[in-house]
Each structure stands twice: as structure tokens, then as C-alpha cells.
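Chemist: This is what each chain is made of:
2 protein chains.
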Amino acid sequence: MNPKYPSLLLENAVNEFAKLPGIGRKTALRLILHLLRQDNSTVDGFAQALTELKHTVKYCKSCHNICDNDICPICLDKSRDSSTICVVENIKEVMAVENTMQFKGLYHVLGGIISPIDGIGPADLEINSLIERVADGSIKEIILALSTTMEGDTTNFYIYKKLAPYDVKVSMIARGISIGDEIEYADEITLGRSILNRTLFNESYRM
Amino acid sequence: MNPKYPSLLLENAVNEFAKLPGIGRKTALRLILHLLRQDNSTVDGFAQALTELKHTVKYCKSCHNICDNDICPICLDKSRDSSTICVVENIKEVMAVENTMQFKGLYHVLGGIISPIDGIGPADLEINSLIERVADGSIKEIILALSTTMEGDTTNFYIYKKLAPYDVKVSMIARGISIGDEIEYADEITLGRSILNRTLFNESYRM
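Chains P and X, in that order, give the protein sequences. Following our numbering, the numbering of the first sequence begins with 1 at its first residue and continues without gaps. Following our numbering, the numbering of the second sequence begins with 1 at its first residue and continues without gaps.
Isolated chain P (complex conformation) (with noise of 0.2 Å):
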């Protein structure tokens, strides 16, 4: 039973706040209480931020990231190498490999992974767009960084088929014991797979 508010305004903007994902009705009127102890000016930035973005983002005709021109400016760098080029599934993602600084390549953002069960096939994604890229034969290395799902797998493999006729060559990012983590707990599959791509010692400190 949905608790009676004391207002209809009131009710409408908890509505509104509760159909974000993780938020619930209780933590929805605690934002919104919140905000209400704020000036005007507060919340009207809040909410000319978020009509702003949606009405006036646009996506890299590349790469597909999120950006404020055309082309974004990860495309735009010169002194990055054009030649390979990492798929990831969300903006997400690009922004968590920016931020190791061991990437210095471009970004091809996918816009999501094949999941049959949300209805997400392989054209409601921007892998015709990657196919095009590597038609244009200048891409030499393809580095696939998506999850570790079934969905994850099953785009990898799609993306993989797709690309079979191009002289392109296509990795994967290493799966293996995450840094600070105990051998002892780690799960089988992962320890099994971290033993077949073992490294070369005096290789794997170089950063």
C-alpha cells in the first residue's frame, strides 16, 4: 500500500524519483526533502542539468561515447593510436579504462550487450558500425573488454564471427586473479583460467 501524502505535488515528484533504478519510495521522499531545504536556485540547476543533457547530448559519430560535439574528443587526439581499438558496453566503461592511463587507444561503445531475454539483439547495437570501422582496414587490433556474462560471451563470439573476414586481429582482456585478492577464495573458473593465460615473470611488471 503506497503510504497517503499530504500533498499531490508532493506525491508526483516521489513518483517521478522512485522510477529510477535502486531508488524506493522512503529514499525517494528523503531526496526530495532534502532538495526542499534547498534554495530554488539549487533545485532549478538540478533540474535544468538533467533537461540540458537529455535534450542536447549527442553521441561520437566514431565511437558512439557520449560527448558534446560530433566527434568526441577521445577520436579527436592525434597522439592516440587509430589503429586499435577497445569495445566496451557503456560510457561506463570507457571511463573506467581512461582511468587505468594503460589504454591509448580509441573506444568503440556498443551501446549495450546481446541479451535475448531483454530483447537486445545484435542491431539494436552499434556493431555494424565497429564492422565498418574495420572495413575501412586501417584497424589492426580489436580488444573486446566486455563482461564476463553469458551475454557478455555471446556478444564477444557474435562481434568475433563478424569480424572473421577482416585481416584484424582480436583479443580479449585478461581474466585472471584481480590485484589484492586471495588465491585461496578466488572461484575455480577464474583461477583455472588465471593457471592456462599464465604470464612470463619478468613481463608482468612492466607498466
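Treat the hints as calculated values from the structure; they're not laboratory data. A couple of the hints might just be wrong.
Put simply, identical chains are the same to the list, so a pair is met inside one copy or across any two.
To be verified - List time: in silico DSBU-like cross-link candidates among lysine-lysine, alpha-carbon distance up to 30 Å: (1) Lys92 with Lys4; (2) Lys19 with Lys58; (3) Lys4 with Lys140; (4) Lys4 with Lys169; (5) Lys92 with Lys19; (6) Lys104 with Lys161; (7) Lys4 with Lys19; (8) Lys26 with Lys161; (9) Lys61 with Lys161; (10) Lys104 with Lys26; (11) Lys19 with Lys161; (12) Lys26 with Lys61; (13) Lys26 with Lys92; (14) Lys78 with Lys58; (15) Lys140 with Lys58; (16) Lys26 with Lys4; (17) Lys4 with Lys162; (18) Lys78 with Lys162; (19) Lys58 with Lys4; (20) Lys78 with Lys104; (21) Lys161 with Lys4; (22) Lys92 with Lys78.
All figures in this text were calculated on a predicted structure; none of them were measured in a lab.
Chain P is fixed; fit chain X onto it per the hints.
Modeler: Showing chain X alone in chain P's frame:
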């Protein structure tokens, strides 16, 4: 270090979202990416509900609850007992007490509790307006329903002192072992209080 966002508009929206209590920058980004996947009308509705609430919200002139008009529906309800006032900290507690359906009197929303650490004194709260309501003479009982924290106790005591000159009964909600709680694990103060304030067996089940 803040991660580098590929878009200024996105960074702006993340900053605004991350100002909310309990929402960090990662959660903010997750919520915003969710909103970006919705259509324009959903995001506009979300933003509009907030600004509309903030700009047109009213507080009941009598009990200071949030409402859409000058007087809230609870204060207007002639079937309620207008001689009993339940004093609460915030609108969330009004909703919680209303949900019990055990209280048929009116409310008085203080808008906070006395907390010197946060710089909140009696003058920042709706305490004077409560005294005025009592001074009118038609109130028979004031029920204090504030948190059992040091701040709540301070506020309780302050209100009790302020009400001393008036012919009004001041009561507090019962403190005791929660229904469903194990007595073995109850803290000593609550258990001690529940023994001191024990109720007659045949009176405990009147509902």
C-alpha cells in the same frame, strides 16, 4: 581524483545528482545513464515535478505539514479530534503515524529538532507557533513523538518547560520492546524503561 567525463553537460548533471545525500558520483552516473535511455518526456516530467514542487509547495498555516493549500487536509478534517496534538519532527513522521491509523487528533510539525551541533536552536523550529496553538485554550493534550536521541530529549524537555504555564496534558509515545523483538537482545535502557512503564495485561490488547 574525479574521473574525466567525456561531456561537460554529463559532468554537470553528475555533479548536481551527487549533491543529494547518500548519492555518490558512481550512483549519480548510473542514474543519469538510466535517464538518458528514457525518452525526452520522461526526463522532462522528472525535472518538472521537482521544480513545480519546489516553487509551489506550501506549508499548512496551522500544523506546518506540507500541503497544496493554506490549510492541510488533516487540519481541515472536522471528524478528527482537534483537542489533541501530536508533535513530530518532520512530514515523514506524520505519514508514519497516519499509517498506524491509531491517531485521530491533529499534528504539529516542528521542522527539525534542537541540535546545537548543527546550529539549530528553538527559534529555527515551529515551537512558538505550537505554544500559540496551546495558548488558544482548546488543546487538551500534547503528545510528543520525537526521536529518542539526545537532541530529541532536549527538544522534548524544552517544549515541556514552555508548556508548563498552560493547562495542558503533555505525554510521550511509549518506549518499549518492539513487537517481534527478542527480549534477550534488547538494550538495557529500553528493557528497563519497558518494565517501569509496564501496562496492565487486559489493557495491552485494546485496539
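Chemist: Now, for every hint given, state plainly whether the structure supports it.
Modeler: Okay, the hints, checked on the actual structure:
1. Lys92 with Lys4: Classified as between: cross-chain Cα gap 11 Å, same-chain 38 Å, threshold 30 Å.
2. Lys19 with Lys58: Both: 24 Å inside a copy, 25 Å across copies.
3. Lys4 with Lys140: between (61 Å within a copy, 27 Å between copies)
4. Lys4 with Lys169: between (60 Å within a copy, 29 Å between copies)
5. Lys92 with Lys19: Both: 21 Å inside a copy, 20 Å across copies.
6. Lys104 with Lys161: So Lys104 and Lys161 pass the 30 Å test inside one copy only (26 Å; across, 70 Å).
7. Lys4 with Lys19: Classified as both; 18 Å inside a copy, 28 Å across copies.
8. Lys26 with Lys161: For Lys26 and Lys161, the Cα distance exceeds 30 Å both inside one copy (47 Å) and across copies (34 Å).
9. Lys61 with Lys161: within (24 Å within a copy, 69 Å between copies)
10. Lys104 with Lys26: Result: close only across copies, 24 Å inter versus 44 Å intra.
11. Lys19 with Lys161: Neither: 38 Å inside a chain and 45 Å across chains, both beyond 30 Å.
12. Lys26 with Lys61: between (41 Å within a copy, 26 Å between copies)
13. Lys26 with Lys92: both (28 Å within a copy, 9 Å between copies)
14. Lys78 with Lys58: For Lys78 and Lys58, the Cα distance is within 30 Å only inside one copy (21 Å; across copies 56 Å).
15. Lys140 with Lys58: within (28 Å within a copy, 63 Å between copies)
16. Lys26 with Lys4: within (12 Å within a copy, 32 Å between copies)
17. Lys4 with Lys162: This pair counts as neither: shortest intra-copy Cα distance 55 Å, inter-copy 32 Å.
18. Lys78 with Lys162: within (28 Å within a copy, 73 Å between copies)
19. Lys58 with Lys4: For Lys58 and Lys4, only the inter-copy Cα distance (17 Å) is at most 30 Å; the intra-copy one is 40 Å.
20. Lys78 with Lys104: within (11 Å within a copy, 72 Å between copies)
21. Lys161 with Lys4: Answer is neither: 55 Å inside a copy and 33 Å across each miss the 30 Å cutoff.
22. Lys92 with Lys78: within (23 Å within a copy, 55 Å between copies)
The structure is inconsistent with the numbered hints 8, 11, 17, 21, although it conforms to all the rest.
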